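If you read the sequences in order, they're chains A and B.
My numbering numbers the first residue of the first sequence as 225 and each following residue consecutively.
My numbering numbers the first residue of the second sequence as 88 and each following residue consecutively.
Hints are computed from structural coordinates only; laboratory data are not their basis.
None of these values were measured; they are calculated from a predicted model.
Treat the hints with care, since some could be wrong.
Straight-line distance between alpha carbons at most 30 Å, and here's what the computed DSS-like set of lysine-lysine pairs gives [unchecked claim]:
1) A:K226 <-> B:K247
2) B:K151 <-> A:K271
3) B:K247 <-> A:K271
4) B:K132 <-> A:K246
5) A:K246 <-> B:K151
6) B:K190 <-> B:K247
7) B:K132 <-> A:K261
8) B:K130 <-> A:K271
9) B:K130 <-> A:K246
10) A:K278 <-> B:K102
11) A:K261 <-> B:K182
12) A:K246 <-> B:K92
Simulated restraints, written as ranges between beta carbons of each label pair [as the list claims (entries may be wrong)]:
13) A:G260 <-> B:I107: 35 to 45 Å
14) A:Q245 <-> B:Y137: 37 to 47 Å
15) B:K182 <-> A:L286: 27 to 37 Å
Think of the CB as a built atom: it goes at the ideal place given N, C-alpha and C, for glycine as much as any other residue.
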Amino acid sequence: MKNNIRVERAILNITQEQLAQKINVTRQTIHAIENGKYVPSTVLALKIARVFNKNVEEVFLLEESDMG
Amino acid sequence: MKLMKTKFLLPHKFKIFGWILFAISILLYISDIAFGDIPLLAKAKILCVYHSDDFPFVKNPPNKFFQMQEVNLEPDIIGILLITGCLLVAFSRLKVEDEYTAKIRLESLVWATFANFILLILAILTIWGRDFITVMEYNMVTILILFVIRFHYVLFQSGKIKSE
């Protein structure tokens, strides 16, 4: 799964830390998600998408490798 | 701030108490090695639920139940302080506990369990004779200590990455 969090953050001009605070997680969590090291729960994905005012599928996208 | 719901974890403020208990138990242990027993604790008379004078295991041990006996309380106190301290440090919430830290917590617990018992098997294979009891004494807390080290190391590593 890939995601556009970094791009969306750039559009809103907020840092990882600021995004983390908006949704009550650590900056490490945002960092791990952005780098594909951690796949967030559905709840967290929805919260992230809400910050960006987008649908969750505009922020998180399935990849070929996910379809196995 | 709304906290993530977690089962069984203690409030964050317990962590500092854990470190204090841990420090006290280590200081007592060092003082025991350096200066010997603390007289007040080493000859304490208490009600023992079970007591046996002989060690190692004998065929017909003089088992005693519910009797006043003179015992050395020092290892018991060090042990309880150390275990309680380690438990509090290991299982108090982080300041921000979220689903990613919960994942690191679980992975570290699995890692620590493997590491602990691999070390124990190595000790079983390499350490012989009555001194093996020392291995078992340390092994009472090594699983918690390994967990604390690995959990905090991984958190520290993922915290080091600079936000761009």
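Tell me the numbers of any earlier hints that the structure contravenes, in ascending order. 2, 4, 5, 7, 8, 9, 10 and 14
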